[in-house]
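Asker: Chain residues, written in single-letter form:
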Amino acid sequence: MIYLDNASTTKPLDKCIEIVNECLKEDFYNPSALYGPSVNLSRKIKEAREIILRSLRGEGNVIFTSSGTESDNTALFCTKKPNGSRIIVSINEHPAVFNAAMELKQRGYDVVFCPVDNTGRVIESEFSKLMTKETSLVSIMHVNNETGSVNDIKTLCSIAKSVHPNVLFHSDGVQAVGKIKVNLTDLGVDLYSFSGHKIHAPKGVAGLYVRSGVNIRPYLFGGGQESGLRSSTENVPGILSFCYALTEAVTRVREEGERLDGLRSQIIKGIGDSFHVVEPIAHSPFILCLAVPYVRGEVLLHSLESHGILVGTGSACSSKKTQKKLPGILGLSEEYENGIIRISFSRFTTKDDIDYFINAFILEYNKLLKYVKG
Amino acid sequence: MEKIILIRVGELFLKGNNRHYFTSCLKNNILAALKDFSCRFSGTQNRMYVEGYELDEEAAIIKRLCCVFGISSISPAYKVKTEKQTLKNLCDEISPKQGTFRVTVNRADKRIQSTSMEIARDIGGYMLSRQKDRKVDLFTFDFEVNVDIRENGYSYVFYQKIPGQGGLPVGCGGNGLLLLSGGIDSPIAAYRMAKRGVKTFAVHFHSYPYTSELAKEKVISLAKILVPYCGEITLFVVPFTDIQYAIKENCPIEYMITIMRRFMMRIAERIALDNKCGAIITGESLGQVASQTMESINVTNSVVSLPVFRPLIGMDKTEIIETAQRIGTFDTSILPYEDCCTVFLPKNPVIKPKIEWAKQYEERIENRDALIDSAISNAEIIKLK
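Protein sequences appear in the order of chains W and C.
Take 1 as the starting number for the first sequence in our numbering and just add one per residue.
Take 1 as the starting number for the second sequence in our numbering and just add one per residue.
Among these hints, one or two may not hold up.
Below, in silico cross-link-like pairs of lysine to aspartate or glutamate (EDC-like), each with a Cα-Cα straight-line distance of 16 Å or less [claimed, not checked]:
hint, chain 1, residue 1, chain 2, residue 2
1, W, LYS154, W, GLU124
2, C, LYS135, C, ASP92
3, C, LYS110, C, GLU83
4, C, LYS97, C, ASP137
5, W, LYS367, C, GLU151
6, C, LYS224, C, ASP331
7, W, LYS370, C, ASP331
8, C, LYS35, C, GLU232
9, W, LYS370, C, GLU151
10, C, LYS79, C, GLU151
11, C, LYS81, C, GLU51
12, W, LYS367, C, ASP242
Because the hints were derived from the structure by calculation, they are not lab data.
Build out the structure end to end from the sequences listed, making use of the hints.
Answerer: Spelled out as structure tokens, the structure:
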């Protein structure tokens, strides 16, 4: 199986599985208890938090949560925002942010959506126009999950702060951490979400960075874990394996980035120029988004599956075409608009995989085209 | 005093000498419906009983029985030895302490001397004497105490009669092969034929890679929803893409759907005969889409000799949707996965196709028998129960 849908989830590292196993078998204690083994676990969690914070060059706190969605929701709902104040999110945010923003709109906030260019990247001049003194929160993703475009968070953040120094800036970094260089202090963000299963840790664990001096209210109330901000018995196996996977990925980020960028270019060159390739000014080397003419992305996905290749489609694709945002953003003409596929890589992706992919892709696409056209 | 569930059978009364066969069919179906519960089941030809179950499961058992065809009504009841004072005490104890009521007695046990009317009066009188806030009103009452005195020496007291599905027990009407698309109509066609005792086999045409695994899962879910009504369903998932390719390559696009449906009918008939099905069942409703005009149905029907049952032929979409909502298939049916008929959908499908033309076009597909053989032999068979 050649797995090229790593933006949706990744295969856990053997070492992560080992850590989880060890925790489940031996270190199963509740970290909140008072006896030795528990105190030891509590210390390990504290260390994990510090290691992650150091890896991402953050100054503040990391709250462990259950998912990127939970981190995003915490950032949007649990921050202080005057009633009716302005909230800016980009138009193509992941549903975890987009739908949370829609809910805030329902609750009376002045939620506005920032336009993006035809690669899904926030247009800075447009953002400046939307940014007002009444803005309480901005949430703009670091790397777009559909197109792989990288937003210039540092510039956007400084624009926001120059208009209103007290505005809170959140970024969803789920597709960024461990995939591109992330320096939280340099970016200047107040809140930043990241998730375990996108970087070879198990599902069910994620983090929310909260810069020092930023106050948030708890999302879950209970036993007071995570400094009272997220009560729940700690997911010890998740947190410890997450910490391992994250530091591993961050250390390799440069070298993997260069290697995968090579594979990405290999595909663009290998498939020829009949396709619409999304090429942002700045892109993540882990994601390649393209649109094929006349053939539905979902159909191509299944055809590639018959060769043992798994890719993603640009959106939760359906014949009812409920999800039409992305083709509009990319400015696709009619023949391309249903043909979006997303190829996303990981450290396990090899050059041989890509050679095999290119052959299968060309073969299947031409076969499908024969029955569709004319 | 024991809590039991009383089951009354429907149309089986009419079946004369075949009654035993119908009854045993129904009993088997009820047993299958109750397989998840720990309880006893017994019955004669007119009345069946579920006993010895956990009281907190009573509602769930009744819900399950409400899906079984052949049952006309169901009553949760109290069972006691037929003895005058015991009956009177029971009726008094379990009835509301106030309100208007009537007592209705059905005396099947003719060894009892008093008439039904006399017993009813006796029980009613006793109930009145016990609670001053009770009042008899034979016509407009708050509750009715039904007393069913059976020949087995026991009496059953109940308040409500929950209507069952009616119809005939599944299995006694033979086997039918349903064309199951994944839309709203075909599950309802299965439901209606099951009501007339037909055991369901189903065929679904799968156009991978054009239709997804999710579309197949949807069809499996639909078949599962039908199981409480139809009993075990054998589903054949037939790969159809190669046939669609062949039609697309050789025939005019406006005949695509017509010829596809002719192939589907041929395959369906083969599977039907292999599985001793006496009929093909479709969810067609006259005029609903281009392939369901009288002319189209004639052209697709002409390739098979088995009878084709179309129980929805005269129904409006709204009527079909009503049933789909009632039996719980609607929400699954409207999940937005493409089915095989929408792949290669021509912009202008022919509305009044001609048999001769369809035949002529089909002859251009040289290996059509081989395509059908291969589709059938590669079918995935899924048993749902």
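Asker: LYS35 (chain C) and GLU232 (chain C): Cα distance at most 16 Å?
Answerer: holds, 13 Å
Asker: Keeping to a limit of 16 Å between CA atoms, is the pair of LYS370 (chain W) and ASP331 (chain C) held or broken?
Answerer: Between LYS370 (chain W) and ASP331 (chain C) the Cα gap is close to 36 Å, so the pair fails against 16 Å, i.e. violated.
Asker: Between LYS135 (chain C) and ASP92 (chain C), does the CA-CA distance stay at or below 16 Å?
Answerer: holds, 13 Å
Asker: Check the hint pairing LYS79 (chain C) with GLU151 (chain C) against an upper bound of 16 Å on the C-alpha distance.
Answerer: holds, 13 Å
Asker: Check the hint pairing LYS110 (chain C) with GLU83 (chain C) against an upper bound of 16 Å on the C-alpha distance.
Answerer: Holds - the C-alpha atoms of GLU83 (chain C) and LYS110 (chain C) are around 14 Å apart, at most 16 Å.
Asker: Are the Cα atoms of LYS367 (chain W) and GLU151 (chain C) separated by 16 Å or less?
Answerer: Outside the cut-off at roughly 74 Å; violated.
Asker: Straight-line Cα separation of LYS367 (chain W) and ASP242 (chain C) no greater than 16 Å?
Answerer: holds, 12 Å
Asker: Taking only the CA atoms, is the gap from LYS154 (chain W) to GLU124 (chain W) under or equal to 16 Å?
Answerer: holds, 11 Å
Asker: Does GLU51 (chain C) lie within 16 Å of LYS81 (chain C) when you go C-alpha to C-alpha?
Answerer: Between LYS81 (chain C) and GLU51 (chain C) the Cα gap is close to 15 Å, so the pair holds against 16 Å.
Asker: Would you check the hint for LYS224 (chain C) and ASP331 (chain C), treating anything up to 16 Å between C-alpha atoms as holding?
Answerer: holds, 13 Å
Asker: Does the structure keep LYS97 (chain C) and ASP137 (chain C) at a Cα separation of 16 Å or less?
Answerer: holds, 15 Å
Asker: Within a Cα-Cα threshold of 16 Å, do LYS370 (chain W) and GLU151 (chain C) meet the stated pairing?
Answerer: violated, 75 Å
This entry does not satisfy hints 5, 7, 9, going by the numbered hints stated previously.
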